[in-house]
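Engineer: Residue numbers (our numbering), protein chains in the order written: chain A, 3 to 264; chain B, 1464 to 1763; chain C, -13 to 390.
Treat the hints with caution; some may be incorrect.
Listed next, the in silico DSBU-like pairs over lysine-lysine satisfying Cα-Cα at most 30 Å (straight line) [as the list claims (entries may be wrong)]:
1) A:Lys147 <-> A:Lys32
2) B:Lys1555 <-> C:Lys(-10)
3) C:Lys273 <-> B:Lys1646
4) C:Lys(-10) <-> B:Lys1646
Here are some, though not all, of the chain B residues that point toward chain C, as calculated from beta-carbon distances under 8 Å [claimed, not checked]:
5) Phe1511
6) Leu1557
7) Arg1562
8) Leu1563
9) Ile1567
10) Ile1574
11) Val1737
Derived from the structure by calculation, the hints contain no laboratory data.
Keep in mind it's a predicted model, so treat the numbers as computed, not measured.
From the three backbone atoms N, C-alpha and C, an ideal C-beta is built for every residue, glycine too.
As a plain string of letters, each chain reads:
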Amino acid sequence: MEPVLDVHQLTMNFGGLRALDSVDLDVRPKEIVALIGPNGAGKTTFFNCITGIYEPTGGDVFAARPGGARKARLNGLKPNQVTEKGLARTFQNIRLFPNMTALENVMIGRHCRTSSGIVGAIFRGPRTRREERETVARSHELLEKVDLAEYVNELASNLPYGAQRRLEIARALATEPFLLLLDEPAAGMNPQETLELDELITRIRDEEGISILLIEHDMKLVMSLSDRIFVMDYGRKIAEGSPEQIRVNPEVIKAYLGEEAV
Amino acid sequence: MEYFLELFLGGLTRGSIYALIALGYTMVYGIIQLINFAHGEIYMIGAFTALIVANVLTLNGMQGIAVLVIAAVAALVWSSAYGYTVEKIAYKPLRDAPRLSPLISAIGMSIFLQNYVLLAQTSDFVSFPSLIPDFAFMDPVAHIMSSAELVIVATTVVVMILLNLLIKYTRMGKAMRATAQDKTMAVLSGVNVNRVISTTFVIGSALAAVGGVLIASHIGQINFFIGFIAGIKAFTAAVLGGIGSIPGAALGGLVLGLTESFATGYVSSDYEDVFAFVLLVLILIFRPAGILGRSTTQKV
Amino acid sequence: MKNKNPIVQSLLISLWFVFLTFPVMVIRVNTVEDVVEWRWWNMLWVAVGAFLLSFLWRYLLARKARGPRAGSMPIAQRIAGNRKLLVPFLAGLAAFVVVFPLLFSAYQVNIMITALIYVVLGLGLNIVVGLAGLLDLGYVAFYAVGAYSYALLNHHFGLGFWLAIPVGMAMGALFGILLGIPVLRLRGDYLAIVTLGFGEIIRLVLENWNAFSFGPSGIANIPRPGLFGIELSLHQATIYLYYLMIALVLFTVFVVNRLQNSRLGRSWLALKEDDIACQAMGIDRMKTKLAAFALGATWAGMVGVIFAAKTTFINPASFTLWESIIILSIVVFGGMGSITGVILGALVLILLPEYLRAFSEYRMILFGATMVLMMVFRPQGLIANVRRRYEYHGPDEEPQAERA
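Here chain A stands alone, though its shape is the one from the complex (with noise of 0.2 Å):
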């Protein structure tokens, strides 16, 4: 099947370090995929250069709306574009607007959705009416997908940890993506939480229909979750496969050697 985002030869220099070095990679529709590797290896930079906040040295980045038109070209796209294109992220230190509420948060990620502009704001017609109607109660829903329905009202800045990476998935669902990227979304959490996170994630992809890339250091989470998983290490891809190839890829354990029992 046609993938949704096919990365070619991604690579990215920072003055003389090269932060990525030529990286492949693909996302197929409802797939869960994984992309671990040690500190620094470069994975969040991924993420930036995918998303528009980086723009990449080399390469190219293509995603497509399964069943949609034809695959677009992200490389030198603006982060707000890549986000209307359908992708849409969470960041690894959570960045929420602490002074608006959670629905509030949810309702910002409509905006690349909806219309109305100054006009509607001044007039406020039954168009631009109806269009803030269906905004509020969307973003409710997404508040209860998550199971954050008790703190709709809530300051973001008041919710617990756990509590505040889930509402950083639904700000990110919000915009309505074929491609959720999270950046460690387990990241400070417990056992409990993760477990949770977990079931969330699947049931994501099931309910909404669409496919999940993640960064992530759990190798618990990973391995349940992940249909395929991508190591990097040094800027550089150096495994891909199924949880069970990557567990015995010797590559691997090198690279995560007396850091992490695989």
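On the provided structure of chain A, position chains B and C as indicated by the hints.
Structural biologist: Relative to the frame of chain A, chains B and C by itself:
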């Protein structure tokens, strides 16, 4: 050709002054990422202090180079004291506030200081005694470069060299560079960041005072408003060279001084101040990192 | 230095300020008569003032550190939250506003019109600074664009006031967009200084381009607003303009309020909170900022037309940097983002110096001090912005923007 040379040397003089003030902007920005709007006022207060001291001394019968030295030292001392105090009042309490807050506070401080001098002294231009003597050896070239201009350029060069030595080799200089690079790490390695910031303001203010005394005795008159325009232009110079960079401030000052001098000389003097503003707008839009600055990638 | 005794500390501070202010405050040289004035009294004032103020300073810092007291609600919020208070308060205010020009002299009404002009300017700048978080120090440039649009079009083509209003707005918007596109990419502090530079460029051009703008001598005989062709006496025209301004204030409040609680308003807020996350959520940073910048400029352009019609004479001196600073002070003092705050801020900062004439000399120095003190002790301003938050009350109900 002679006209060209005259404009060139005039630009060099202007540029030296801009560079002296620009250093204060650049050093403060390098350390706390704040455009210290009040810096131009520190320069103005330096010029006023020198004027007041020089006048008192002259009226009491003193003359010659001694007046210049005492006035300059007084300007240095008081400007530094103002710089130190301004930081403590208007910026230190806002260390952790959103970025807009210290900026607004800085604008407020600038207006406050301008009007403070306006009310305590005068709104008129006051004439500044020409303290820099005419050197005999400059006579042959006096029609294109005055002794005052020579003193300004020479002083600037000496001050720049001293500053560079200070930053490169002293303990405080190292602490300043460390703080500029990473404040948290500097604290962790035992740098007293508050002291570094205070010192930066004091040094920057002292440099501005030098500029103030030099330009005032060259132009011959000052008022409470000179700091504003000089401040904007020096800031332009700092940005031009690459804000945060000390050689950049020197280079930016020269480029701006020469540009202004040639533009007013060959194009039109009506728009003297417009050139600097246009240059500022253009450089910020097309090369915000400046001539010597490197563009940085924001960490996400 | 680290003496804990507050009196000793204050004495030291007092001594420091005596030293600091000595040359500027105490000595004044009269260069015409060549005499030195020694003003020792000033030294005493500084000493006493610094001593007392240092106590106040410490007290306020400590109070700020303690955070807001629980249970204390600002007066404005108490009135707004209580229908029994709010309704009579608003009714009384409305009655006063309506009868004001009938009770007071034309002179007073004129001052009030000036204050109302600043109210609208403040509310316009508030869109840019308060809602979108963009520090614009050249706001007066757009005000000048509006005023000159009316003055010049009237001078050359006899354009009337009512047609000039939309033209002024369009010109403001146009300049806002033209300037905004290149500069809004810049970081916040650079934006401040570029807008400042732009404001000065416009003023310098107006001053020097005589053929276009009539230079420093300005343009006179600009007609006052017309009322269906009826001839108005000067007094009637003033009263008419007063009611126009009241209508404009109400209109502006309405618009700003609507903007604040809209898709656009939400994106401004999000942009202020975290611009990277904001872009990652699909918000076009440039477009969003430009909307705020252009809206602010549009309002300035409109008020510019009214200003020209009110004074019937304009020249570049009305559009200096100080005007921008005054308008910014209004927004900062009143409370960034807060509509009530900005209105109150404008009335206080414009009317107070008018009525306390002895005081007016100190106007700018107080503005400067206000900006510093507000930032240090009360960054939220006189009346903090009470943002409406979207609250969810079940699926069937119309979504409500509720006061938090």
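Engineer: Next step is simple, just say for each hint if it's right about the structure.
Structural biologist: Each hint, compared with the structure:
no.	hint	in the structure
1	A:Lys147 <-> A:Lys32	holds (18 Å)
2	B:Lys1555 <-> C:Lys(-10)	holds (20 Å)
3	C:Lys273 <-> B:Lys1646	violated (34 Å)
4	C:Lys(-10) <-> B:Lys1646	holds (28 Å)
5	Phe1511	holds (6 Å)
6	Leu1557	holds (6 Å)
7	Arg1562	holds (6 Å)
8	Leu1563	holds (6 Å)
9	Ile1567	holds (5 Å)
10	Ile1574	holds (3 Å)
11	Val1737	holds (5 Å)
Hint 3 from the list above is the single one not met by this structure.
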